[in-house]
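Novice: Single-letter residue listing:
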Amino acid sequence: MSALAARRVIILGALPRRRAWRAALGREPGRVISISPALSDALVDAGVAHRSSERYFAAADWSAIHDRVAVQLRRMAAGSEAIARSPWLDDWSHLLGDELRDTLYWMRVAEQVLRRERPHQVCVQRLASAHPASPALAALRAAFAQFGHPCRPWPPAR
Amino acid sequence: MKIFFVGYEQANVCYILPVLRALQRHPRLQPVFAPGTDFKEHRGLHTAAAPRGIAARHLDAALDTAELAAAERRGVALCRTARGWAADAADAAAPLTRVLAGRLQHLLGRRAMPGLFRTYARIERAAAALARREQPRLVVLSEDSDFLRGRLLARIFAAHGARVVCLTPWYYSTFDSYPLIGERRAHAYLVGTGAHARRLIAAGVPRRCVEVVGHPVFDALAADASPAPGHFLYALQGLPWDRTIAVDLLAAVAAQPGARLTIKPHPQLPLPAWLARLARRDHVRIAPARTAGIALLGDVRCVVAQTSRLLFEASLLGRDVIVPHYAATPLLVALPRRDAAAVVAASAAQLRQRVRESLAGRGRGLSRAAIAPHHPHATQRAVQALERLSADAR
Numbered sequence: 064m065s066a067l068a069a070r071r072v073i074i075l076g077a078l079p080r081r082r083a084w085r086a087a088l089g090r091e092p093g094r095v096i097s098i099s100p101a102l103s104d105a106l107v108d109a110g111v112a113h114r115s116s117e118r119y120f121a122a123a124d125w126s127a128i129h130d131r132v133a134v135q136l137r138r139m140a141a142g143s144e145a146i147a148r149s150p151w152l153d154d155w156s157h158l159l160g161d162e163l164r165d166t167l168y169w170m171r172v173a174e175q176v177l178r179r180e181r182p183h184q185v186c187v188q189r190l191a192s193a194h195p196a197s198p199a200l201a202a203l204r205a206a207f208a209q210f211g212h213p214c215r216p217w218p219p220a221r
Numbered sequence: 004m005k006i007f008f009v010g011y012e013q014a015n016v017c018y019i020l021p022v023l024r025a026l027q028r029h030p031r032l033q034p035v036f037a038p039g040t041d042f043k044e045h046r047g048l049h050t051a052a053a054p055r056g057i058a059a060r061h062l063d064a065a066l067d068t069a070e071l072a073a074a075e076r077r078g079v080a081l082c083r084t085a086r087g088w089a090a091d092a093a094d095a096a097a098p099l100t101r102v103l104a105g106r107l108q109h110l111l112g113r114r115a116m117p118g119l120f121r122t123y124a125r126i127e128r129a130a131a132a133l134a135r136r137e138q139p140r141l142v143v144l145s146e147d148s149d150f151l152r153g154r155l156l157a158r159i160f161a162a163h164g165a166r167v168v169c170l171t172p173w174y175y176s177t178f179d180s181y182p183l184i185g186e187r188r189a190h191a192y193l194v195g196t197g198a199h200a201r202r203l204i205a206a207g208v209p210r211r212c213v214e215v216v217g218h219p220v221f222d223a224l225a226a227d228a229s230p231a232p233g234h235f236l237y238a239l240q241g242l243p244w245d246r247t248i249a250v251d252l253l254a255a256v257a258a259q260p261g262a263r264l265t266i267k268p269h270p271q272l273p274l275p276a277w278l279a280r281l282a283r284r285d286h287v288r289i290a291p292a293r294t295a296g297i298a299l300l301g302d303v304r305c306v307v308a309q310t311s312r313l314l315f316e317a318s319l320l321g322r323d324v325i326v327p328h329y330a331a332t333p334l335l336v337a338l339p340r341r342d343a344a345a346v347v348a349a350s351a352a353q354l355r356q357r358v359r360e361s362l363a364g365r366g367r368g369l370s371r372a373a374i375a376p377h378h379p380h381a382t383q384r385a386v387q388a389l390e391r392l393s394a395d396a397r
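Protein chains in written order, with my numbering: chain W, 64 to 221; chain R, 4 to 397.
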C-alpha cells in the first residue's frame with residue numbers, strides 16, 4: 064500500500080456496486096471504514112478489508128457524552144446572565160440530550176479517525192437521502208468539517 | 004391523605020393506572036390526577052385525559068386571565084432570549100461548542116418553539132398556583148428529567164415543600180437515551196428495574212432513595228398457551244432501518260418451510276409507502292393499523308422489533324424475541340446483557356440465524372427477573388412504597 068493510499072480514509076454506509084468499487088478504489092483503497100455491523104458483514108463476504116466505526120468509540124466515551132453537553136452548556140451560558148439564571152437550560156436537558164446524542168457520537172468517531180489514522184484525505188460515501196445510513200454519513204461529514212477537515216464525496220464524480 | 008399524580012402524558016397514563024385503581028380502594032390514601040402535556044413534532048402539544056373515576060385537577064384551570072397573560076409574556080421573552088443567546092454562542096471557536104450552539108440554534112428556530120416556550124411558562128405558573136392552593140404533601144411524577152413535565156414540576160413542587168416521588172413509566176426505565184444530567188430534584192424514585200436503579204445511583208442519587216418496584220402495567224400478563232410454530236411478528240416503529248429489516252426478515256422467513264410473518268404498522272404513524280409491495284408477497288400479512296400489539300400475540304412464536312414495548316410483553320408471555328440493530332450507534336434500549344447476546348441481530352445474516360434458532364426451539368425472550376422484577380406484584384409494591392412515603396410526608 065502506498066503512503067498516499069494508506070492516508071486515505073473511505074467511509075461507507077452501504078455496499079457499493081462491484082463495478083463502482085473497482086473503478087473508484089483501484090488497487091490501493093486506503094483505510095475503509097464501515098459504519099454499520101450489517102455493512103461490515105457484507106464487506107467481509109465481498110472480501111474487502113475494513114474496520115468498523117465502532118473501533119473508534121469506546122464505551123467510556125458514551126457515558127461521558129451527556130456530561131459534556133451539560134458542562135458545555137453551562138460554560139456557554141456563563142456569558143449570558145439571563146440564560147444562566149433561567150432554569151430552562153437545566154429543565155431542557157432531556158430534549159437537548161436526545162437531539163444531540165447521534166451528533167456527538169459521530170463527532171467522537173470523526174475525532175478519533177483523525178487522531179488515529181492521520182488521513183491525508185477523507186472520503187464519505189454518497190447515498191440517497193432515504194437510505195437509513197444517510198443521516199449518519201451526513202453527521203460524519205459535518206463533524207469532519209467542524210474539525211477543519213472537509214470530506215470528499217465517494218465515489219468521486221466523473 | 005391525597006397523593007397528587009402530576010404531569011403524566013397520555014402515553015404514560017397506562018403505566019400508573021393499576022396503581023391509581025389500587026389507591027382508589029385504599030382506606031387512607033386518595034389519588035388525585037393532574038394531566039401532563041407533551042410535545043411531538045408530528046402532532047404538536049397534547050394534554051392527557053384523566054382516567055375515568057379518578058379525581059382530577061387541570062393545571063390550566065389554576066390560572067386566571069391575568070396570570071395566563073403573564074405566562075404568555077414570560078414564554079415570549081424566554082424564547083427571544085434563548086434564540087439570541089444560541090446565535091451568539093454559534094461564533095465560538097471550539098468544535099464542540101460550535102456544534103452544540105448550531106444544534107441549539109436549529110432547535111430554537113423551529114416553528115413550534117415559541118408555542119413550546121409559552122406552554123412551559125404556563126405550566127410553570129399553573130403548577131405553582133396549584134401547589135399554593137392545594138398544598139400537596141406528596142406529589143408523584145413520571146420522572147425528574149423532562150423539560151415540559153417532570154423536571155419542571157419537581158422543581159416547583161419541591162420548592163413549595165412537597166415530597167416528590169418519581170414512579171417511572173416503563174419507557175424511562177428502558178431507554179438509555181434519557182439523560183440524567185443536572186441536579187436531581189425528586190426525593191424518592193420507584194423504578195421498574197435494577198438496571199434503572201443502578202443508573203440513578205451512578206448519577207448520584209443516594210441508594211436509600213431508590214426502590215425497585217417493577218412495572219405495574221405488566222402485572223396482568225402471564226405466560227399462556229403454546230404459540231403456533233413459525234409465526235413471526237414484526238412491529239414497525241418508524242425508525243431508520245425499518246424497511247431494510249422488514250425485507251431481510253421476510254427473506255429469512257420465506258426461506259423456512261411453514262414460517263410466516265405478520266407486520267404490525269405503528270398505530271400513530273402513516274403506513275410507509277414501501278409496505279404495499281412487501282404485502283404482495285406470500286408468507287406475509289399486514290395487521291390492521293390500529294390493532295393493539297398485545298392483541299396480536301395470540302399465536303405468535305417470536306416478536307421482532309427494534310425498541311418496542313411488545314418485546315417485553317412478548318417475553319413475559321413466554322415468546323421468543325429478536326432485536327435487529329443494524330445501526331453502528333449503541334443500542335437504545337437497555338437489554339439485560341446476557342439477553343442481548345442471544346437476541347440482538349446486527350446484520351441480515353444474524354437475523355436469519357435468529358429466525359432459524361427460534362424455529363428450532365432455541366430462541367428466547369428477555370429474562371423476566373431483569374425486565375419485570377417482582378412480577379406480577381409490582382402494583383402492590385408501588386402502593387406499599389407510597390404508603391411508607393406518605394407516612395414520611397405528614
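Worth flagging that the hints you see were computed from the coordinates, not collected in a lab.
Treat the hints with care, as some may be off.
Said to hold, decoys possible - If we take Cβ atoms under 10 Å as the criterion, some of the chain W residues that face chain R in the derived model are: (1) Leu102; (2) Ala105; (3) Asp108; (4) Glu180; (5) His183; (6) Leu190; (7) Ala196; (8) Gln209; (9) Phe210.
Just so you know, even glycine gets a beta-carbon here, dropped at the ideal spot from N, CA and C.
Novice: May I ask you to test the interface hint for Phe210(W) with respect to chain R, counting a Cβ-Cβ separation under 10 Å as satisfied?
Specialist: Holds: closest Cβ of chain R sits about 6 Å from Phe210(W), inside 10 Å.
Novice: Interface hint check: His183(W), Cβ to nearest Cβ on chain R, cutoff 10 Å. Holds or violated?
Specialist: violated (20 Å)
Novice: Holds or violated: the hint that Glu180(W) contacts chain R, with Cβ atoms closer than 10 Å.
Specialist: violated (17 Å)
Novice: Can we keep the Gln209(W) interface hint, with Cβ of chain R closer than 10 Å?
Specialist: holds (4 Å)
Novice: Tell me if Leu190(W) is really an interface residue toward chain R, meaning its C-beta lies closer than 10 Å to one of theirs.
Specialist: Given a least distance of 12 Å, the restraint on Leu190(W) is violated.
Novice: Is the interface hint for Leu102(W) satisfied, with its Cβ closer than 10 Å to some Cβ of chain R?
Specialist: holds (8 Å)
Novice: Mind checking the CB of Asp108(W) against every CB in chain R and telling me if the closest is under 10 Å?
Specialist: Status holds, d = 8 Å.
Novice: Once the shortest beta carbon distance from Ala105(W) to chain R is found, is it less than 10 Å?
Specialist: holds (8 Å)
Novice: Using Cβ atoms only, decide whether Ala196(W) comes closer than 10 Å to chain R, and label the hint accordingly.
Specialist: This hint holds: Ala196(W) lies near chain R, its Cβ roughly 8 Å from the closest one there, short of 10 Å.
The structure does not agree with the numbered hints 4, 5, 6 stated previously, though it agrees with the rest.
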